[in-house]
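So the sequence lines, in the order shown, correspond to chains A and B. The opening residue of the first sequence carries number 1 in our numbering; numbering runs sequentially from there. The opening residue of the second sequence carries number 109 in our numbering; numbering runs sequentially from there.
Using 25 Å as the maximum straight-line C-alpha spacing, the simulated SDA-like pairs for lysine to any residue come out as follows:
(1) B:K145 / A:Q105
(2) B:K214 / A:D84
(3) A:K37 / A:C80
(4) B:K129 / A:V99
(5) A:K37 / B:S201
(6) A:K71 / A:S44
(7) B:K129 / A:I32
(8) B:K170 / B:G180
(9) A:K21 / A:E49
(10) B:K113 / A:E33
(11) B:K170 / A:G2
(12) B:K129 / B:K173
(13) B:K113 / A:I57
(14) B:K173 / A:N104
(15) A:K21 / A:P51
(16) A:K65 / A:V47
(17) A:K37 / A:V47
Just so you know, the hints here were simulated from the structure itself, not pulled from any lab data. Treat the numbers as computed from the prediction; the structure is a model and nothing was measured.
Here is what each chain is made of, one letter per residue.
There are 2 protein chains.
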Amino acid sequence: MGTTKTSHFTEDQNRIAKIAKALGHPARVAIIEYLLKVNTCICSDIVDELPLAQSTISQHLKELKSAGLIKGEIEGASICYCIDEKTFQILKSYFSNVVLTVNNQKCC
Amino acid sequence: MGTTKTSHFTEDQNRIAKIAKALGHPARVAIIEYLLKVNTCICSDIVDELPLAQSTISQHLKELKSAGLIKGEIEGASICYCIDEKTFQILKSYFSNVVLTVNNQKCC
DNA sequence: AATATACATCGTAATATTGCGATGTATTAG
DNA sequence: CTAATACATCGCAATATTACGATGTATATT
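Construct the complete structure from the given sequences, taking the supplied hints into account.
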């Protein structure tokens, strides 16, 4: 027990769940919002920005990257992280669709 | 340790994180999609639909409700659950905004 | 009143997440 | 070559999540 029964759900449901899960932590939301604010790709600045240890930030970045929410590119000694637009587009479409569908139905 | 440092982040970041976290499980995504499909509010049907025990479904519904993603209304002996449009509207707006902001910036 | 239906909650086992310090690896600076 | 900078990864402790069966509570049926 304790393990999510991934295989019982559709690929799409698992995909959305994985992306949502990656955003399911305030630090990771904060990282995304920071990346949006600074326009350009930044990396170790995030460690200065957030009240978390470097190793913790690194872990969060790993999760965001693995969910496709950010991209990272080696730039000399440091790594340039930035928003991965495609995945956010998926979220936008997904929720736009949900709202559209809900609009056409009455609720309890 | 092991606890999220909620207090270090903005209310908004915690709110988005909580909603995203609630969607961060394929079973809960499946529940939302099921509710979208059946148009009307349903309840114990979800137990028949998903390969999970009744107690597990009940827990998932509790999380979805606490995040504001669904509403539940007592209807005799059963409870009528349905999508809470407002929260999905928040998500739609949030991600629309992200996509808009990203569009105006170049990346690595 | 007794039973059935529809949930919610409790207890608990297995596993995952969060966070940190310490350590490892690669690039850059001197 | 050495030291510094910029990360990633490891190992651990604390806590949270997932899932289930068992049990509790409320309404509905007989």
